[in-house]
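S.K.: Each chain is listed here by its residues.
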Amino acid sequence: MESDLKSQMEKSISKDLEYILNYKHIAVEAKNAEYFSKMTIIKPIANNVYPQIYVDLIQRFDHDEAIRHLKSMGTRVSKYFYSVFPKMLTKPQKFTEIFSEVAESHLNSKLIFKDKVQEDKKLKSCIIEVKDCFFCSEITLFQNLKIPYCIPIMGMYENLYNIKSVYNKGMNPRLIYLNALKSAEYDGDTCEYKLTVID
Amino acid sequence: MGDNMGELGRFKKLLGGLGKRLYNWKETKESMNFLSFMYETILEEYAGIFNGDYETAMDTLIDLVRPMSEEVVSKLLTEVKVLGIPFKTFITQNAGDLPYIISTTLYAVFGAWSEKVFNKPVLIPASESAQRVDTIIITLNMCPFCCNTIIPKQALGTHNYGKLLTLTIEQMVQTMEDYAGNDYMVVARELKCFLNGDSHGELQVWLYPRNQLDLMEQNPYLKSIK
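Residue numbers (the working numbering), protein chains in the order written: chain S, 24 to 222; chain X, 324 to 549.
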């Protein structure tokens with residue numbers, strides 16, 4: 024089971040790296056996305072797209088398939104980050120910085136890494152607690168969420184680490200897997216993802 | 324160009340200038356990069372669901388987003404108060420004020436970046452407009468939406484990439500006109516897009532009097548662009 028997951032991830036990461044290394048944006052005169060790296064938009068407008076997408080996907084597909092689509096939206100976002108900001112791929116960063124830097128500079132969120140489990144001083148798992156989640160904070164969530172609302176964000180963090188690790192080789196851990204434990208249900212609440220090292 | 328200068332006085336415009344800055348400063352903001360990445364990934368996801376058909380993906384996205392977007396835009400324009408002054412007090416019946424109100428709203432949403440991205444909207448009065456209705460032209464010097472995409476224009480069929488922005492602006496103006504009590508149907512299209520190789524972006528917003536909706540039949544852009 025774990026080896027299936029690992030081989031699926033390897034395939035998908037290698038496709039993403041191919042995309043990143045060959046990335047050329049088409050709309051040259053529009054300026055590049057890096058130019059807009061300091062541009063912001065107010066949250067009420069920025070967040071008016073995702074709720075409908077979430078509802079549509081969970082109605083259109085069964086539980087597992089909906090999760091797969093939601094997660095795939097997020098993993099693709101990390102591919103875009105590295106395409107637009109290629110320096111992020113090579114920049115030396117500590118384990119937690121790979122996640123926290125994007126969280127703070129792009130999503131206005133704060134990450135706390137807790138409940139670390141180690142074996143022979145190597146990380147095996149931990150919980151990532153997200154404060155002020157981009158999707159979940161400051162909005163009224165739907166009742167009785169059976170699928171955590173911010174799965175795209177979780178997918179983004181997972182792939183953000185894995186792409187960098189595979190590209191740079193020799194990073195430890197090499198591959199991680201994230202599973203959303205919960206989405207924040209009220210302001211001040213937090214989201215939680217379980218990080219498991221799979222290689 | 325028309326000589327309709329609007330009815331908002333200098334003092335009110337000064338207040339609006341202060342209000343838009345304060346509102347944008349106070350409001351929680353998110354990265355524009357992340358928003359444009361989300362937009363792209365949603366389009367890709369739905370194109371995957373519809374066997375690579377980006378046009379249907381965009382149709383679906385717009386159908387899904389439209390109702391909530393209407394609600395958010397309407398709330399922003401009619402409920403927001405800055406320094407105790409409701410934003411809606413800047414909305415008048417006079418089309419001459421629309422360029423000012425639109426650029427003030429864009430500033431409230433995007434902050435000072437709005438002035439880099441968008442040129443000041445221009446009102447072409449019905450008597451001078453090719454479509455024979457009051458027309459607002461908004462041009463873009465650069466585009467934070469299509470700047471990162473690798474989806475070719477052809478894949479989008481009759482849509483342009485900036486459909487979501489066009490829809491948001493269309494809804495803003497519709498909300499303004501409804502609030503002002505003008506009986507218009509507001510329709511907007513993106514006529515020029517960097518993704519098509521144009522040197523600038525251009526949105527046109529047409530104000531169709533509801534008793535003259537037949538004029539829409541003569542607007543060629545409404546047939547060629549969704």
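Read the hints as simulated data drawn from the structure, not as lab findings.
Glycine included, C-beta positions come from ideal geometry on N, C-alpha and C.
Fair warning: there could be bad hints in the mix.
Claimed, not checked - A few chain S residues facing chain X, derived, Cβ under 7 angstroms:
| id | residue |
| --- | --- |
| 1 | GLU33 |
| 2 | LEU44 |
| 3 | HIS48 |
| 4 | LYS66 |
| 5 | TYR103 |
| 6 | GLY193 |
| 7 | PRO196 |
S.K.: Compare the structure with each hint and give your call.
M.R.: Checked hints:
1. GLU33: violated, 21 angstroms
2. LEU44: Constraint on S/LEU44 not satisfied, violated at 13 angstroms.
3. HIS48: Holds. Min distance 6 angstroms.
4. LYS66: holds, 4 angstroms
5. TYR103: holds, 4 angstroms
6. GLY193: violated, 28 angstroms
7. PRO196: Where the cut-off is 7 angstroms and the nearest Cβ of chain X is about 25 angstroms from S/PRO196, the hint is violated.
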